[in-house]
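From first to last, the protein sequence lines stand for chains D and Z. Start counting the first sequence at 53; every next residue gets the next number (our numbering). Start counting the second sequence at 188; every next residue gets the next number (our numbering).
If you are wondering where the hints come from, they were derived from the structure by calculation, not from laboratory data. Quick caveat, the model's predicted, so the values are computed rather than measured. Every residue gets a Cβ at the ideal spot worked out from N, C-alpha and C, and that includes glycine. One should not assume that every hint holds.
Which stretches of chain Z does chain D cover? Using the computed rule of at least three CB atoms under 8 Å from a CB of chain D, they are [said to hold, decoys possible]:
id, segment
1, 255 to 266
2, 324 to 332
3, 347 to 360
4, 368 to 380
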Amino acid sequence: MLAHLPILQVIVPLLAAPLCLFLTRSRLVWLFALIASGFSFIISILLLQQVMASGTIIYELGGWDAPWGIEYRIDQLNALLLLIISAISTVVLFSAHTSIEKEIPADRHSLFYILYLLSLAGMLGIVATADAFNVFVFLEISSLSAYALIALGKDRRALWASYQYLIMGTIGATFILIGIGLMYQMTGTLNMYDLSQRLPEVENTRTVFTAFAFVIVGVCLKLALFPLHLWLPNAYAYAPSIVTAFFAATATKVAVYLLIRFTFSVFGLSFSFTALPLQMLFVVLGVAGVFVASFAAIYQTNVKHLFAYSSVAQIGYMIVGFSVSTTTGLMATLLHLFNHALMKSALFLALAAVVYRIGSVQLSQFHGLGRQMPFTMAAIVVGGLSLIGVPLTVGFVSKWYLVLATIENGWWPVTVLILLGSLLAIVYVWRIVEAAYFKPPVTGSENIKEAPLSFLIPVWSLVIANIYFGIDTRLSVQVAQAASQSLFGVSP
Amino acid sequence: MNIPLEVMLQLSIILPMIAVAGIVATGRNPNLREAVTIGTSLVLFYFVIMLYQGIEQGQSISVQWWEILPGLQLSFNIEALGMIFALIASFLWFITTIYAIGYMRGHDEQNQTRFYACFAIAIGSVMGIAFAANLFTLFIFYEVLTLSTYPLVTHAGTKDAKRGGRIYLGILLSTSIVFFLLAIIGTWFVAGTLDFKQGGVFASDVNTTVAGAILVLFIFGIGKAAIMPFHRWLPAAMVAPTPVSALLHAVAVVKAGVFTILKVCTLIFGLDLLAVLPSTQFMLYLAGATVLLASLVAMRQDNLKARLAYSTVSQLGYVTIGALLATSSGVIGGSMHIGMHAFSKITLFFCAGAILVAAHKTKISEMHGIGRQMPITMVAFLIATLSIIGVPPTGGTWSKWFLLMGTLETEQWIIMAVLIISSLLNIAYLLPIPFHAFFSGDKIASSGNVIKEAPLASLIALCITTVGCVVLFIYPQSLYELAAAILKTPGIIYGN
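All chains, please: the whole structure from these sequences, using the hints.
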């Protein structure tokens with residue numbers, strides 16, 4: 053049983069998805085989905101323990117040897133990602149039943165859970181597999197279900213947002229597929245480990261360069277790197293609130309994972325950072341993304357839009373950390389992956405609670421909420437502080453490493469820019485705080501009550517995680533360090 | 188009670204935080220709630236006294252909590268400078284609580300539970316700052332202090348309060364995130380440690396340009412010290428209720444700023460290195476300019492609290508000057524000034540609040556002749572003014588004395604002139620207030636309004652701090668000994 057954990061991780065939600073069709077009652081489906089996701093979560097914990105204790109786990113699908121069969125490889129990096137995805141998915145699902153009650157028509161509830169589980173299975177699959185083509189397959193599973201999930205949004209603009217994402221996402225996926233095809237043509241293998249062995253022999257060909265460029269651009273589209281982020285704000289703003297909470301914490305993280313995996317493990321460090329001026333390109337785009345998206349966030353009137361732009365900015369930080377291309381820099385990226393997932397899931401889930409109560413996330417509707425929904429708003433404040441990077445929250449931990457990484461490299465101007473960027477976060481977070489605490493309630497909304505416990509419990513467990521992992525960083529720092537060192541080939 | 192000193196050290200930080208729960212739980216019963224606050228402040232003061240006796244006997248008291256990031260520990264250690272700060276802050280918390288009861292009830296303030304709760308968190312973080320054993324711990328509590336005082340500044344919930352809160356939080360968070368954090372990470376990168384250490388942490392062959400740049404980042408980054416051009420938050424914070432202005436913006440928050448500067452100068456850089464850094468002289472002049480400019484601005488304020496706020500900016504400059512003089516007299520003068528200024532300025536604010544509650548007046552020009560209705564308050568105001576100016580028989584004399592000694596030793600004639608001119612300016616903007624209150628006109632009495640003294644609780648509090656100003660003149664020894672011990676190796680403080 054234990055030996056099959058890597059595949060069970062993916063198979064459980066994948067098989068659970070169609071089974072949802074047989075359960076008719078919404079509550080029952082919810083419970084079933086929750087159990088399936090929780091199961092993945094437990095597996096991911098076991099996997100992480102196993103990896104940290106005894107190194108990379110290799111699992112051969114169907115018992116076929118590696119270059120011929122599909123192989124799953126779990127090292128520290130994927131174990132961390134698997135944990136993030138399955139944990140957030142499970143916590144978010146807790147509130148799903150209450151939240152979709154008001155946002156999705158009853159006859160589509162089981163459809164929602166099916167898509168949700170498929171999307172989860174897709175993301176877990178992308179992360180777990182060590183086969184380049186398999187990555188594409190899972191990418192499509194998760195993306196297609198994501199398009200449909202976003203289209204379920206109540207607002208009619210959800211359709212348009214979903215369509216936008218469909219076009220951009222498909223272009224991205226196609227690019228990745230082209231890249232993989234070219235690599236296959238040159239090496240005759242799809243296994244990532246095999247690719248990394250064979251690519252150096254042919255690395256000076258134009259085909260490999262082209263493959264590299266296609267993969268990088270495709271992945272960057274998926275991870276919403278500025279200026280390829282245009283699909284993201286609308287998709288996050290108009291999707292059902294639960295979907296946003298889930299995707300904001302996981303979807304772009306998976307793409308960042310792919311970026312790291314392809315550059316470090318498949319193409320190899322020396323090729324990746326010499327073939328293209330990747331370092332320069334990414335640091336510029338990363339910093340530009342931080343500023344452009346943060347400024348955009350400041351001017352939003354829809355709070356979901358606001359945090360969606362903030363997500364684009366946070367991706368900028370991750371990319372800056374990546375571009376430093378030192379162990380500390382990569383550590384900063386991985387830590388921020390983990391930490392940002394905690395922040396954004398808490399924030400968007402709190403927003404889901406607001407939607408549940410007042411049916412809108414316009415900033416003007418937030419007036420007076422500080423008194424009417426004290427716990428929900430307090431959660432948004434703490435999440436916001438974490439986003440700013442105040443000490444004792446997780447945001448501080450990632451910022452510390454990011455700044456340290458840039459200083460180590462002597463990139464003083466970048467350091468200053470990163471810190472200035474977090475000032476912009478103060479501005480957009482404080483707009484919400486001032487609206488909620490200093491404005492009198494909107495007329496006609498005096499009777500708004502605090503969100504139900506089915507929201508408060510998951511939201512506050514995420515908020516507490518934000519603080520806990522800001523104080524006790526052993527888990528996140530150790531795993532990030534181990535993952536980063538193993539990617540750089542440094543023995544710890 | 189026989190509690191180990193290490194436990195007391197931790198309790199002095201945790202206790203106010205625990206009190207928050209008690210305050211919130213008893214929120215519906217104001218008497219009980221205020222009893223919790225007073226009880227906590229008394230116990231806290233008792234703990235700090237015990238800790239003081241502990242280090243006086245030469246014990247070294249330190250506690251380590253846990254590692255937040257590898258190499259960066261949350262740990263505490265008591266040394267002389269932190270002791271000065273803790274003693275003052277914990278004693279004045281007790282006094283301010285008494286005052287606040289009179290003031291908040293007399294003024295019918297809303298949300299008093301939130302007020303007392305945030306106040307307690309702020310004091311807890313002040314204790315954390317005072318006892319921090321490294322810059323990292325200090326920084327954490329420094330930020331907690333900023334955030335916990337924000338609801339206090341914006342207490343009124345009005346448009347003005349929101350605006351004031353924006354400036355307050357904007358400047359304090361921005362400077363701390365951009366400059367202070369950068370300085371800390373820079374120190375960590377260059378020196379490899381953030382622990383406060385006698386003689387500094389930098390190697391003797393450190394690049395002075397880099398260290399000089401880090402010093403500039405520190406001075407600007409510690410926005411709570413209100414060095415121009417980052418002083419605007421302090422006048423903005425005056426929208427807060429008077430007890431907040433009194434304890435936090437005359438004592439705890441601003442003193443946390445200058446305390447941090449003193450600590451960084453003595454225990455991160457070390458006076459020897461500080462004296463040779465290229466930027467020290469420049470920052471010294473900047474502090475001097477702050478002293479003078481803030482005094483000049485203060486003269487033009489008609490709102491009493493605003494005038495006191497600018498006066499605070501100016502007086503904080505003294506402490507920064509003391510630290511940057513990089514000589515032992517300077518450090519002694521600066522750290523004594525933390526205490527002296529605390530007592531005199533809190534008295535002034537108490538008086539301002541008393542006038543507001545009793546007479547509903549905020550403008551200085553309306554206070555002519557008020558001395559006849561509120562004699563006790565105005566006499567207290569006069570004595571505190573004398574202490575700010577630095578004339579006997581008040582405590583301010585001593586700190587100014589040592590600061591001037593420091594300028595003499597280092598032959599900083601310009602700074603010396605700044606200190607002397609500033610004293611004259613103090614006379615010009617503060618002394619007329621009690622003078623007019625007693626001698627000029629009698630507008631208030633003739634207008635027929637009967638004004639009585641402020642509520643008894645407030646009156647008692649301001650009398651205590653006034654007496655404190657005088658007592659510190661007659662018995663400055665303990666404070667001096669602590670200040671003189673800052674530059675000595677801990678453990679043998681009093682041994683000689």
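Comparing the hints with the structure gives:
Remark: the segment 255 to 266 of chain Z is confirmed as covered by chain D, as 3 of its residues place a Cβ nearer than 8 Å to a Cβ of that chain, reaching the required three. Remark: the segment 324 to 332 of chain Z is confirmed as covered by chain D, as 4 of its residues place a Cβ nearer than 8 Å to a Cβ of that chain, reaching the required three. Closer than 8 Å: that is the beta-carbon criterion, and the segment 347 to 360 of chain Z has 6 residues meeting it against chain D, so the requirement of 3 holds. Chain D is given as covering the segment 368 to 380 of chain Z, and this holds because 6 residues of the stretch bring a CB closer than 8 Å to a CB of that chain, at least three being needed.
Violated hints: none; the structure is consistent with every hint.
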